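Visitor: Here are the chains, one letter per residue:
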Amino acid sequence: MSTYKTLVLAGAILLAACAPTAPVKRLGLGQTPSAEQIRGWDIDVRADGAGLPPGSGSVAQGQAIYQARCLACHGEKGEKGTGPRLAGGQGTLASKSPVLTVGSYWPYATTLYDYIHRAMPLDSPQSLTPNEVYAVTAYTLHLNGIVKADAVLDAQSLAAINMPNRDGFRPVRK
Amino acid sequence: MDLVPQESDAPDSPRRRSFMARGAAASLAAVAVPATTQAATPDNLPPNVPQWMREPGGGFLNPPYGLPSPFEKNVLRKLPDQPAAFPTATRTPLQSLFGTTTPNGLFFERHHAGVPAIDPAQHRLMLHGLVERPLLLTTKELQRFPAVTRSHFIECSGNSMAEFKAPGKGSVQDIHGLLSGAEWTGVRLSDLLGEAGLLPSAQWILAEGADAAAMTRSIPLAKALDDALLVYGQNGEMLRPEQGYPLRLLLPGFEGNMSIKWLRRLKVGDAPFQTREETSKYTDLMPDGTARQFTFQMGVKSVITAPSARQVLDGHGFREITGLAWSGQGSIVRVEVSLDGGRAWQAATLDGPVQAKALTRFRLPWVWAGQEALLQSRAVDDAGNVQPTRAALLQRDGQNSIYHYNAIQSWKVASHGEVSNVHI
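Those sequence lines, one after another, are chains B and U. In this text, residue positions in the first sequence follow this note's numbering: the first is 624, and each later residue adds one. In this text, residue positions in the second sequence follow this note's numbering: the first is 65, and each later residue adds one.
Mixed in with the good hints there might be a few duds.
No farther apart than 27 Å at their CA atoms in a straight line, the calculated lysine-lysine pairs in the DSSO-like style are these [claimed, not checked]:
id, chain 1, residue 1, chain 2, residue 2
1, B, K703, U, K229
2, U, K233, U, K345
3, B, K719, U, K233
4, B, K719, U, K229
5, U, K345, B, K719
6, U, K233, U, K142
7, U, K142, U, K229
8, B, K703, U, K345
9, B, K648, U, K287
10, U, K345, B, K700
11, B, K648, U, K204
Just so you know, the hints here were simulated from the structure itself, not pulled from any lab data. Owing to the predicted nature of the structure, the values given are computational and were not obtained by experimental measurement.
Start from the sequences, fold in the hints, and give me the full structure.
Guide: As structure tokens, then:
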């Protein structure tokens, strides 16, 4: 490219860079995801149960899965292990040694489903089927005395559970 | 000044290095610290001509991605001294750094299920929920959006948590090292939301990572539209894997875990999603047994990084007291330093430019003549927040909370020069 052409080009670029640009409404970047693509990634479960899939699981089924997949880190009854404590601690929150567990602290049972599905077991997250997640959720709640030994949970019954510490949080949005 | 034993880590002779640099093994030789070492010798001090001036030095691209001098091999991130079944974080060596930019290799790490190895060509960001047009974007498409570059700190809300109970025995790195600062480059989240079009009922946005924790937090829409960024650049290069490569959310001034790394999904909703991380984890338990939720902003805070715990002052005379100040609620306007545990205060100078929600370096000249001292720093931000004393913080939050500890730090300087962490 000749020096003259280079100069002209450089000048044009400078002019373009200095020219006021009109506000752009939309850039038109990106694709529109298909409904199937969204469905595959839209895994969250809200506090009110929105997002819970069809399926169900019992405490007994959950106990078997727990013993195979969860016990190694969370201990026999969810009270002792290398992983976070899951059970016990109710009534300790205002003490000098509060014990924060699903039963003593978690405000929503639905969050348990969301979290187990997205992040547990630690070595293979998102591997449990909906029935298995319902079952492990039921067993964890049973360890905390929140559902009975013969309980079976599905989307409706899980969302209806009122956790012991449901009113223990004060949103500040600071 | 460090208590870390100064090992005899002088590299091998320059003659050997320059020979190696000319050979095929040049890059390998530069990575390994030479096995044979020799103690520093006065032969390299005046009036003698140093050995490294007597022959050519190492070659180019040695290695192609440059590394610190082998003499800096102790400047590293570190895990807590106490071993844990599931380590949660590494800490930045604040005592060894200058200015306000944390080098990318020393930026603190916090992750909840390991660092994913993401191929950027196969990474996508999905934006859906209460929007007119759901979007699926590649990393390259995001990099075509108008970009901004801004300096901001990230601090883990659990930084300094042990100080709620008792003075930690470690260094400033151990105590306060879940803090780093960087210059970030990326896209305004508000631009992306404009591209998708928000529906009137939009109030909160769920941000989700592509790690094995599928780390998830709810972001208030006001923050998303204010100064939230989707960043791919950190200190001039692509994010490091442990910082969210190839894309992370950055919420300036908010607790670190909300700046979701490996960002794969944004879902616009009309209420907080009440994820595990914002109910059972990052909430602040008060003495009455209730918990504060959605305490997003990091409080105004400062810490003296030199002199600091585990250091020993190397002689009487002049030195600078220096440290870092920051606030999640705005810009630092003043830092005061006390030499006597908070009775008298003097204004420190601030290195400019002072930027909002960014680290600010402060300095105060000091002559140490062997006297005992209790060093403190106290920061004030432009929202009028004053860094509290530990007593005032405990009065407000009690000792069951483990997050958002921003109290004034006290370092005791003993007459023999040793510096330690004390609560007064």
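Visitor: Each hint needs a verdict: does it hold in this structure or not?
Guide: Right, here's what the structure says about each hint:
A C-alpha spacing of about 23 Å is found between K703 (chain B) and K229 (chain U), which places the hinted pair at or below 27 Å, so the restraint holds. Distance hint between K233 (chain U) and K345 (chain U) is fulfilled; the C-alpha atoms sit about 26 Å from each other, no more than 27 Å. Of the pairs offered as hints, the one joining K719 (chain B) and K233 (chain U) holds, with about 23 Å between alpha carbons and a cut-off of 27 Å not exceeded. Distance restraint check for K719 (chain B) and K229 (chain U): the Cα-Cα separation of roughly 11 Å lies within the 27 Å cut-off, and the hinted pair is therefore satisfied.
A C-alpha spacing of about 18 Å is found between K345 (chain U) and K719 (chain B), which places the hinted pair at or below 27 Å, so the restraint holds. Our distance criterion of 27 Å between C-alpha atoms is met by K233 (chain U) and K142 (chain U), whose separation comes to about 15 Å. Distance hint between K142 (chain U) and K229 (chain U) is fulfilled; the C-alpha atoms sit about 22 Å from each other, no more than 27 Å. With a CA separation close to 18 Å, the supplied pair K703 (chain B) and K345 (chain U) stays within the 27 Å bound.
For the proposed pair K648 (chain B) and K287 (chain U), the alpha carbon gap of about 21 Å is at most 27 Å, so the pair holds. For the hint pairing K345 (chain U) with K700 (chain B), the CA-to-CA distance comes to about 21 Å; that is within 27 Å, so the pair holds. Pair hint K648 (chain B) plus K204 (chain U) holds up; C-alpha atoms about 20 Å apart against a cutoff of 27 Å.
Of the hints listed earlier, there is not a single one the structure fails to meet.
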